[in-house]
Amino acid sequence: MKSIKDHLMFILPLMAMLIGIEFILVFNRITSSYENKLKNEYAILVVSQKNLTTPYLRSIDDKIDSVEAMNRADIAKEVTSGMQDAALAAIMKDLPFFYRVHLTSYMSLKELKKIRSELKAVNGILNVEIFGENYHSKHTIFRLVKMLLNIFIVMLFIVSIMLVIKQMQVWQLAHKDRMKIMEIFGAPMMLRSGILFKVAIIDAIIATILNMLIFLFIKSKWSQNSDIDFVKHNQDLLFNISDFFILFLTAIVIVAISVFIVAMNTREVPEG
Amino acid sequence: MASIIAANNLTLAYEKGKNIIINDVTFTIEQGEFVFVTGPSGSGKSTLLKSLYGQIKPREGTLSVGGFDMSKIKKKQLLQLRRNIGIVFQDYKLINEWTVEKNVVLPLIITGYSLDVQKVQAEKLLSHVKLSDQANKYPLELSGGEQQRVGVARALSKNPFLILADEPTGNLDEFSSGVVWDLLENACDQLNATVVVVTHKIPTIFNIPYRHFIIENGGVHEVH
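Chains A and B, in that order, give the protein sequences. Under our numbering, residues 1 to 272 are what the first sequence spells out, in order. Under our numbering, residues 1 to 224 are what the second sequence spells out, in order.
Certain hints may be false.
What the hints assert, rightly or not - With a straight-line cut-off of 30 Å between C-alpha atoms, the simulated DSSO-like cross-links for lysine-lysine are:
1) Lys180(A) to Lys57(B)
2) Lys75(B) to Lys37(A)
3) Lys50(A) to Lys39(A)
4) Lys146(A) to Lys221(A)
5) Lys119(B) to Lys180(A)
6) Lys180(A) to Lys137(B)
7) Lys93(B) to Lys166(A)
8) Lys102(B) to Lys176(A)
9) Lys110(A) to Lys75(B)
10) Lys5(A) to Lys102(B)
11) Lys201(B) to Lys198(A)
12) Lys176(A) to Lys119(B)
13) Lys76(B) to Lys198(A)
14) Lys74(B) to Lys180(A)
15) Lys176(A) to Lys74(B)
16) Lys93(B) to Lys176(A)
17) Lys198(A) to Lys57(B)
18) Lys180(A) to Lys201(B)
19) Lys5(A) to Lys137(B)
20) Lys176(A) to Lys198(A)
21) Lys93(B) to Lys5(A)
22) Lys63(A) to Lys5(A)
23) Lys198(A) to Lys74(B)
24) Lys176(A) to Lys76(B)
25) Lys176(A) to Lys75(B)
26) Lys75(B) to Lys198(A)
27) Lys75(B) to Lys180(A)
28) Lys72(B) to Lys176(A)
29) Lys176(A) to Lys57(B)
30) Lys72(B) to Lys180(A)
31) Lys198(A) to Lys137(B)
32) Lys102(B) to Lys180(A)
33) Lys180(A) to Lys93(B)
34) Lys93(B) to Lys198(A)
35) Lys180(A) to Lys124(B)
36) Lys176(A) to Lys137(B)
37) Lys166(A) to Lys120(A)
Hints were generated in silico from the structure; no laboratory data involved.
Bound conformation, chain A alone:
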């Protein structure tokens, strides 16, 4: 019973830290995917008197990815429905060119405004509509959630580190005598801390596997029943097999640092 408690005392804070790291990984993937989605669905509307080409607009701002001309006839038809062909021809003659301008990546509102002013300064461009508020409001909420999550993860880390330190003190008490005796008989530090390292490695493996199971459950079960469409359609973002290796490596690093500190604290300092 005591042994199980000792293991849990290390596994739980380790799991909390790993959950924090997995949250960061998942949220970064979701953010990136969401921004990509926003970028793909988004275009700046440009009204121009002259023909515009992608190379020309890229020379003005390299964040511009491509330029797509809108069908002028379709636009003219919408405004001339019920009119005679002669009227349509007259309108077509004076109708400017309409373009959808796509960007290379997700831009902040400030960057969008900068692109708008650059485009407006081009001779022949009559108007530029960035639809900034609508585009940006969705992302602002997303960023707020991300910031709150980061604060939560930092708090989780601080509490977890304190619990790990507490467990290191328990280890120190439990292993001090054995490690000191082994040192008197000439055991190097690796051998003295080997037993503790083995115990901690087992805890690290358990914590990593439990974490993986939690996120696999979220991926396979929870996300299917989720009301969030984006999550439902992007289940792959919730757990990657590479995450397992990242988590395991992190757990090993935490274990190595913890055991090393315990070993350093129990080593003999010659007097005199």
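Based on the hints, put chain B in the right spot on chain A.
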């Protein structure tokens, strides 16, 4: 004979304390010698012993053990030296989570001997200390005398060139004391190990020649 231990104007003191424990002493101990160190409580007997396995560094003078200069010895060299020294403590210093058998072969585990060698050596030594039937017990299941016999078996398990014993029979009954003295005598006589024993009282029956140092008022004097 080669000097296994050589102290030259050796002074020992604890870093935090101002009082000097051993003051400006010079002596040598040769290979295969049996040495008793006696003296009143607090005279520095255990301090001298600790300096021989590097737990206390010389404050002044030089101390050589097994060819190593103990004031300049590096950590790695100290561990290497200790692997070839057998140490017996008054409070046994056994690992309570390990079985008797595993405790006995601790020096072999540290040096990386195979499990087969460990097993053979443990059986032989436990038979010598008359504890063959206790091999799978844990130290806290044994009496004080039995624990000390385990401690002596551990000290002998790697045939060390030097055996240091701090009050090895201090807490023991007559039978266990007899076993311990026999083992230390044999180690010196048959294995040619140097044995340094700190004790309050030299046993009345002792079958091999020995030297006797008395520590008093910071000095070490040999009784002839």
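Here is how each hint holds up against the structure:
For the proposed pair Lys180(A) and Lys57(B), the alpha carbon gap of about 18 Å is at most 30 Å, so the pair holds. Taking the CA atoms of Lys75(B) and Lys37(A), the gap is about 60 Å. The hint is violated against a cut of 30 Å. Proximity of Lys50(A) to Lys39(A) is assessed by CA-CA distance (about 26 Å); at most 30 Å being required, the pair is judged to hold. Using a Cα cut-off of 30 Å, the hinted pair Lys146(A) and Lys221(A) holds, with the two alpha carbons roughly 23 Å apart.
Of the pairs offered as hints, the one joining Lys119(B) and Lys180(A) holds, with about 24 Å between alpha carbons and a cut-off of 30 Å not exceeded. Proximity of Lys180(A) to Lys137(B) is assessed by CA-CA distance (about 22 Å); at most 30 Å being required, the pair is judged to hold. The straight-line distance between the Cα atoms of Lys93(B) and Lys166(A) is roughly 27 Å, inside the 30 Å bound, and the hint therefore holds. Only pairs whose Cα atoms come within 30 Å are accepted, and Lys102(B) paired with Lys176(A) is accepted, the gap being roughly 18 Å.
For the proposed pair Lys110(A) and Lys75(B), the alpha carbon gap of about 61 Å is over 30 Å, so the pair is violated. A threshold of 30 Å between alpha carbons decides the hint, and for Lys5(A) with Lys102(B) the separation of about 26 Å falls inside it, so the pair holds. Distance hint between Lys201(B) and Lys198(A) is unfulfilled; the C-alpha atoms sit about 45 Å from each other, more than 30 Å. Taken as a hint, the Lys176(A) and Lys119(B) pair is honoured in the structure, with Cα atoms around 26 Å apart against an allowance of 30 Å.
Between Lys76(B) and Lys198(A) the alpha-carbon distance is near 23 Å, which keeps this suggested pair within the 30 Å criterion. In summary, the hint linking Lys74(B) to Lys180(A) is supported, as the alpha carbons are separated by about 18 Å, within the 30 Å threshold. Proposed proximity of Lys176(A) and Lys74(B) is supported: the alpha carbons are some 22 Å apart, at most 30 Å. Distance hint between Lys93(B) and Lys176(A) is fulfilled; the C-alpha atoms sit about 12 Å from each other, no more than 30 Å.
Between Lys198(A) and Lys57(B) the alpha-carbon distance is near 34 Å, which puts this suggested pair outside the 30 Å criterion. Restraint check: the Cα-Cα separation between Lys180(A) and Lys201(B) comes to about 29 Å, which is no more than 30 Å; the hinted pair holds. Under the criterion of a C-alpha separation no larger than 30 Å, the hint pairing Lys5(A) with Lys137(B) is consistent with the structure, at around 25 Å. The straight-line distance between the Cα atoms of Lys176(A) and Lys198(A) is roughly 16 Å, inside the 30 Å bound, and the hint therefore holds.
Annotation: proposed proximity of Lys93(B) to Lys5(A) holds, straight-line Cα distance about 27 Å (limit 30 Å). A hinted pair counts as satisfied when its Cα atoms are at most 30 Å apart, and Lys63(A) with Lys5(A) does not qualify at roughly 56 Å. For the hint pairing Lys198(A) with Lys74(B), the CA-to-CA distance comes to about 28 Å; that is within 30 Å, so the pair holds. Of the pairs offered as hints, the one joining Lys176(A) and Lys76(B) holds, with about 20 Å between alpha carbons and a cut-off of 30 Å not exceeded.
Proposed proximity of Lys176(A) and Lys75(B) is supported: the alpha carbons are some 19 Å apart, at most 30 Å. Among the hinted pairs, Lys75(B) with Lys198(A) is consistent with the structure: their alpha-carbon atoms are about 25 Å apart, no more than 30 Å. Only pairs whose Cα atoms come within 30 Å are accepted, and Lys75(B) paired with Lys180(A) is accepted, the gap being roughly 14 Å. The hinted pair formed by Lys72(B) and Lys176(A) meets the criterion: a straight-line CA distance of about 26 Å does not exceed 30 Å.
Distance hint between Lys176(A) and Lys57(B) is fulfilled; the C-alpha atoms sit about 22 Å from each other, no more than 30 Å. With a C-alpha separation of about 22 Å, the suggested pair Lys72(B) and Lys180(A) falls inside the 30 Å cut-off, and the hint holds. In summary, the hint linking Lys198(A) to Lys137(B) is supported, as the alpha carbons are separated by about 24 Å, within the 30 Å threshold. For the given pair, Lys102(B) sits about 16 Å from Lys180(A) by alpha-carbon distance, which is consistent with the 30 Å threshold.
Of the supplied pair hints, the one linking Lys180(A) and Lys93(B) holds, its CA atoms being roughly 9 Å apart against a limit of 30 Å. Restraint check for Lys93(B) and Lys198(A): satisfied, since their Cα atoms lie roughly 23 Å apart, inside the 30 Å limit. Distance check on the hinted pair: Lys180(A) and Lys124(B) sit about 26 Å apart at the alpha-carbon level, within 30 Å; holds. A hinted pair counts as satisfied when its Cα atoms are at most 30 Å apart, and Lys176(A) with Lys137(B) qualifies at roughly 22 Å.
At most 30 Å may separate the alpha-carbon atoms for a hinted pair to count; Lys166(A) and Lys120(A) exceed this at roughly 62 Å.
Consistency note: the structure conflicts with the earlier hints numbered 2, 9, 11, 17, 22, 37.
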